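Undergrad: Here the sequence shown stands for residues 1 to 95, numbered as in UniProt numbering.
Just so you know, these hints were derived from the structure itself, not from any lab. Since this is a predicted model, take the numbers as computed values, not measurements. Built from N, CA and C at the ideal position, the CB exists for glycine as well. Heads up, none of these hints are tricks.
Pairwise CB distance ranges, derived in the manner of DEER restraints:
no.	residue 1	residue 2	range
1	A34	E3	48 to 58 Å
2	K95	K14	18 to 28 Å
3	K10	K37	28 to 38 Å
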Amino acid sequence: MEEKTAYQEKYEAKLKEWKAKIAQLEARADGAKADAKIEYQDQIKRLKEKEKAARSKLEEMKKAGSGAWKDLKSGLDKAGDELKSALDKAVAKFK
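Start from the sequences and build out the full structure, keeping to the hints where you can.
TA: Structure, rendered in structure tokens:
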């Protein structure tokens with residue numbers, strides 16, 4: 001399997017996992033009290049923005065040529081790291 005394709009598939013799996021965790025937070029927010037619900041919703045909004053940015057970087061990489069994708073990889077890794085970090089913090093905060 002080509003390195004680019006393998007990386008994309010691995011990243012797609014990560015994005016699906018992160019999206020599922022965001023959905024879990026949304027479910028918790030639905031059952032939260034009013035003040036906590038607002039905080040949940042703010043966190044979820046920021047997480048969705050980060051998820052959208054990471055997905056956008058992945059789509060950009062998919063369209064990139066065979067040489068250019070490696071240049072985009074670091075941007076995608078950074079976006080993913082930011083999303084994972086924010087998600088981990090949100091999950092820990094709302095446990």
